[in-house]
Amino acid sequence: MSQVIKTNAADVRFEGVSKIYGKDAVAVGDIDLTVEAGTLVTLLGPSGCGKTTTLRMIAGLELPTAGKIFVGGEDVTDLPATQRDIAMVFQSYALFPHMSVQENIAYGLVNSGMGRDEIAERTSSGMDLVGLKGFEKRLPSELSGGQQQRVAVARAIVLEPQVLLFDEPLSNLDAKLRRQVREEIRELQTGLGLTVVYVTHDQEEALAVSDKIVVMDKAKIAQIGTPVDLYDRPNSVFVADFIGEANILDCDVLSLGESESSVRIDNYQFAVGNVIPEDREARLAVRPRNIALSSESNPDALSGTVKKVSYVGSHYEYTIVGTFGEIFAIEDATLPLKSEGSEVSITFKGRGSCLVPS
Amino acid sequence: MKRDLQKAGIDSNLRLWLFVGVAGYLLLPWYGLEDFWTLGWVISFPLFSSDNPSGLFLISQGDSLWILPSLLTFLLSGFALRLPRANPSYSRLLMITGLSTVILVVTQGLSIGIRGWTTDWLGELFGPLNARQYGMGYGGLIFTVSALMIFCHGLASRPRKGADLFVTGAIGLVTAVVSVFVFFPIFIMLMSAFRTEDGGGSLLLFFQRLVEQKLWQVDCLVGAGPCGVAINSFLLAVSVGVITTVLGLCFALIIVRTGFRFNKILRALSVVPIITPPFVIGLAIILLFGLSGTVTTTVAEWLGLNPTRWVYGFTGVLIAQTLAFTPIAFLVLIGVVESVSPSLEEAAQTLRADRWTSFKTVTLPLIRPGLANAFLLGFIESMADFGNPLVLGGNLDVLSTEIFFAIVGAQYDQSGAAILATILLGFTLLAFYFQRFWLGKKSYVTVTGKGDSGIPTQLPKRVAIPAISIVSLWTVFTFVVYGMILYGSVVELWGVNNTLTFKHYITAFGLDWKDGIVWSGAAWDSFWTTMMISVTAAPFTAAVGLLTAYLLTRQKFFGQNAFEFGTMLSFAIPGTVIGVSYILAFNVPPIEITGTGLILVISFIFRNMPVGVRAGIASMTQIDKSLDESSATLGASTWATLRHVIMPLLKSATVAALVYSFVRAMTAISAVIFLVSAEYDMATSYIIGRVENNDYGLAIAYSTTLIVVMLLAILLLQFLVGRTKIGRRHAELESI
Ligand SMILES: Nc1ncnc2c1ncn2[C@@H]1O[C@H](COP(=O)(O)OP(=O)(O)O)[C@@H](O)[C@H]1O
Ligand SMILES: [Mg+2]
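Taken in order, these protein sequences are the chains called A and B. Using this note's numbering, you'd call the opening residue of the first sequence number 651 and step up by one each time. Using this note's numbering, you'd call the opening residue of the second sequence number 202 and step up by one each time.
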């Protein structure tokens, strides 16, 4: 990609890190985490779960209350932000309003005591990388939101940081731009081989860009895994529901196999793809899109009544009630409509159902 | 890469302070700051001179041996260079050695004075001492500051604290100077209030004098003779506080909430009294209502009465102070009124409240803290005002003038002045306390920086009509007053001989030409002194104020609340009290600066600093904190962030602080009157002197000149500093 800007990507490791504000406001509670060098890892979770705090501890903007943080194998726990080799793209971009685009991008280079020529060279290739050629002399206020964000990104990557941090980078952009920018960020990351830690509360965004996702809940890590892992094998009701929505149903586990388990709800018996330790109570998580509805009655399937249908363009959304409780299902609009009040039989399609410990 | 640079920086900083401290000890004169402005001592190089001996020279001569221990503790800190920084002993060593050096210097400075031991019990303890020492000089100063910085360095390098060298250094420095120049003199003043005539101290006598009948009698309220001094001051200050607050509110409401045609003029008008020395208004009142005043004589002629001195006393001082201090209330309140989001009142109106109800139930409660603040300012200003009571007071005795006469009068009653000053301070501190802890908690107004699409609601009629009438009256009156001042400066002798003349200007500012310019005017001396001192004080005031604001808004540190309270406290200390406490504290070693220009500069810095702090806080809270953070992640040190990011965005606050401190230094009188000397006379005290000799023409001509000079200076400063070019950053949704 670029000749001038290279990477110093390093890994990040958290060992038992906690952050407690005041006496007992636990923002992050005892986290262990490894981010491998050259990967993009997302911190995902509902608002207030401690994502930003975690990110700021990597940056050195907050010092942990307990635990250790390593970057590139070196203990940086006590180093303030200035002395870490870590760059960050802020949610508000935090561009210096009195400096031109060029000055903003050169700022970090000047601080690291680089020569004039090298600064110029890196600044201009940084601007190339994010497609901002020709905007050198503009002030941040003279740029659109998307352009401002590119400046913020360029300003960070020209420093060749060990780790690059993003805090909800897309939240100030409109919906169309979001998709484009997140792809650009991913391209840049793979192209340069950067280590990136990325915070978002949007599961779709996380699934789209990440090598690995760290799902957080109430100051703790709920699960770490690849997008596929998390989608197919969530380890908790919370993760199953947070990533891609899920109906959580009570079920009887008939047998636990090596790679498949047999499960029954009412008189509907079927196989699910993952297993959980025997001694644990389990519930079934079913994705709305993995539910097949049929108007014909089927003694070997679940049966229920359509309580509500809504048409949302490409598909129908159904709410169905039955002895199992309530199920939310999504069907393609090309399939025949099941009207409100009608009886339907319900089956679960192959992938997309799984057992989770309850 | 950036990490290595930083590590090297930390140790070189320690080396630097070690070097500076030792150099101060070896090379610079340990004693005597008297000729602060001249560098005559440089010629007789101090190492080899006994005129201005350096610390080392003193010791080598066997003199002042008590300054030796501090050198030893200071040198001990050098051992830290051999320790790794991560070692806890590194910071512990620096903290201990730095602090003990400071304590040693301060202790010896306070216990040995011009006549040996400063207190008897020291003499009893150690036996009589024949040696003496004078005030601290460059050497002692620089050495002590270095020791303080080494202590701060130790604080900053405690492991796992994430402290920053620049920040701890700045906190240490601000704390030290505020302690030395605000708390120390106040403490000395309180001590001398306890002092009896024979030099002892007595608590009982102090309380007796504190509650004396003469101070507190309330006879005037029941019409049975004069009130006590304290009561007079209190009644006056409360009246002035209430009236200026109401007037200021009228102004602010009219400008923000009505389409009144003369809004621009009102705004401009509100600035003029700020650049007017406060007692000048008093002079104008005399020209209008005095014995030979225009109004008095005209009315007397109509009614066929003899003109009287009716205006002298409570009425006159009240009118003058109201005119002088209303703009201050206005400036406080316009900010508050503007910051009440218009959509709040709009919301109230959609909730079925009519205009008056929504004003009463939404706007008024929201600006209540502002009202309290404006009242406090008016109260303190009136309490501290010295000029107006002096020119217009007549038989009305108030604390500030009584303090002055106690000090300069025949009796030279130090402890009497100190007691009066203590009462004055007590009043303002009480007001400050109420404002801060009682109303201050209810501050709702926050500047979010978010755009507000609401349109300021029109003022309800029953507020608008009285407000506009009051303000119009005030405006007309102000025009008359300033007309009088201008006119008064060009008539021969007011009320006696009304021929026009430039005589007064020539007497004051005449120039001759005899082998170059000869500054023959009588006012030139005090004029140039005033300029020099104001110009010197302004940048320091702005710097200390803005630095403090930065520490308060941008940093978190142990004892922050106490720090904030301490720096804002000097705001509640009237100039008169500063004046008295300074002459009591600084006319003896260890800091011996009475009679110098330096004491004037310092008094201005600490008197006006709180305004710099406020201006700084107001604009810094509007700068998004993520700017600092991103600068830090981009490898900038705290100092670099301050210089490259915060300061450029603070240009207008800087201008405000500079202008304000310059203007205040030019117009101040209450502290100045105590601190001027023959060599360093200030314009205001010179003018007051002229007034006392009934030389009104010259006084008014000089005042007019000062006003014009300040106007020019403000324009020049605005032009020089310029404005930061920034647009608003967009936080809204936007496409490329
Ligand atoms: N400076 C602070 N003081 C006290 N509590 C804080 C502070 N910053 C964050 N918190 C709390 O810590 C928790 C985690 O915050 P944060 O990391 O910002 O969450 P998010 O996952 O939404 O980014 C929240 O409950 C928040 O209220
Ligand atoms: Mg967040």
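Just so you know, not all the hints are guaranteed correct.
Claimed, not checked - Straight-line C-alpha distance at most 30 Å; calculated DSS-like pairs for lysine-lysine: (1) LYS757(B) - LYS787(A); (2) LYS868(A) - LYS826(B); (3) LYS783(A) - LYS757(B); (4) LYS826(B) - LYS870(A); (5) LYS852(B) - LYS718(A).
As the list claims (entries may be wrong) - Pulled from the structure, derived: some chain A residues nowhere near chain B, Cβ distances all over 10 Å: (6) SER668; (7) ASP728; (8) THR984.
Derived from the structure by calculation, the hints contain no laboratory data. Keep in mind the model is a prediction, meaning the values are calculated, not measured. For glycine and all other residues, C-beta sits at the position ideal for the given N, C-alpha and C.
Hint check results:
1. LYS757(B) - LYS787(A): violated, 36 Å
2. LYS868(A) - LYS826(B): holds, 26 Å
3. LYS783(A) - LYS757(B): violated, 40 Å
4. LYS826(B) - LYS870(A): Given pair LYS826(B), LYS870(A) holds - Cα atoms ~27 Å apart, limit 30 Å.
5. LYS852(B) - LYS718(A): violated, 41 Å
6. SER668: Non-interface label stands for SER668(A): nearest chain B Cβ at 14 Å, farther than 10 Å.
7. ASP728: About 5 Å separates ASP728(A) from the closest Cβ of chain B, which leaves it inside 10 Å; violated.
8. THR984: holds, 33 Å
Hint compliance for this structure: hints 1, 3, 5, 7 are not met, and every other hint is.
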